[in-house]
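Asker: Sequence:
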Amino acid sequence: MEVSPLVRPAIHQALKAWHNTRRLGELPLAQIPLVETHRQKQGYQPTSTGRGLALRETLQRALDALKPDGEPDPLEKRWRPYLLLTERYLNGRSPDYLIELLGIARSTFDHTQTEALETLTDLLRQWAHNPAPPPPPLFASSPLPPSPFLAPPLPTHTLIGRTALFDELKTHLLNEHRPLAL
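Numbering-wise, the sequence shown is residues 111 to 292 according to my numbering.
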């Protein structure tokens, strides 16, 4: 019998790897049909990076589904699961910081974290078993590109100096077929 990767420790592991796209894509959780379907819909490549992006977006939608209505209030109990998971794993806050922010004891923090991870896991299981209503898009105002472009943005200023050298390099790289050592 095959064990489902949709268990609390797997979700916890994915949240801990949140900022490492490649590592996210190498987790068993990135292979589940829910994430694979999202990867294909977004046009991401079947690589660890593509699977990692799809897993991160799926987890982000699940976290957004946990978010209560209204303005965030760390002292309101209904905000604890959402704030704890997002601040802890997405923003890298320490447990001590969150204990102080939420105004709770360490044992309450531990219980709340466990409950929040269970709730997130249950939500993902529900989505995996009932794929009919797709989760809402991450950014309703701007659609995601079909393929991620992971290069840094172009500088806002023009190059100053060495224009001739830059033009010569461009000519060599774009027009000649022989290798050029830089």
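Treat the hints as calculated values from the structure; they're not laboratory data. Hints may contain errors.
Said to hold, decoys possible - The calculated BS3-like cross-link candidates involving lysine-lysine, where the alpha carbons are at most 25 Å apart (straight line), are:
1) K187 x K177
2) K187 x K126
3) K177 x K126
Claimed, not checked - Cβ pair distances, simulated, as ranges:
4) Q123 x E186: 21 to 31 Å
5) K280 x E181: 29 to 39 Å
6) Y207 x L275: 26 to 36 Å
7) L284 x P182: 18 to 28 Å
8) D174 x H239: 27 to 37 Å
9) Q123 x P156: 40 to 50 Å
10) A274 x D206: 33 to 43 Å
11) E225 x G153: 54 to 64 Å
Just so you know, even glycine gets a beta-carbon here, dropped at the ideal spot from N, CA and C.
Asker: The structure should be examined with respect to each hint, and the outcome stated for every one.
Answerer: Now the hints, each set against the structure:
1. K187 x K177: holds (12 Å)
2. K187 x K126: At roughly 24 Å apart (the allowed maximum being 25 Å), K126 and K187 satisfy the hint.
3. K177 x K126: holds (19 Å)
4. Q123 x E186: 21 to 31 Å: For Q123 and E186 the Cβ distance comes to about 29 Å; the hint holds.
5. K280 x E181: 29 to 39 Å: violated (51 Å)
6. Y207 x L275: 26 to 36 Å: violated (49 Å)
7. L284 x P182: 18 to 28 Å: violated (51 Å)
8. D174 x H239: 27 to 37 Å: violated (20 Å)
9. Q123 x P156: 40 to 50 Å: Since Q123 and P156 have Cβ atoms about 21 Å apart, the given range 40 to 50 Å is violated.
10. A274 x D206: 33 to 43 Å: violated (57 Å)
11. E225 x G153: 54 to 64 Å: violated (36 Å)
The structure fails to meet hints 5, 6, 7, 8, 9, 10, 11 from the earlier list, while all remaining hints are met.
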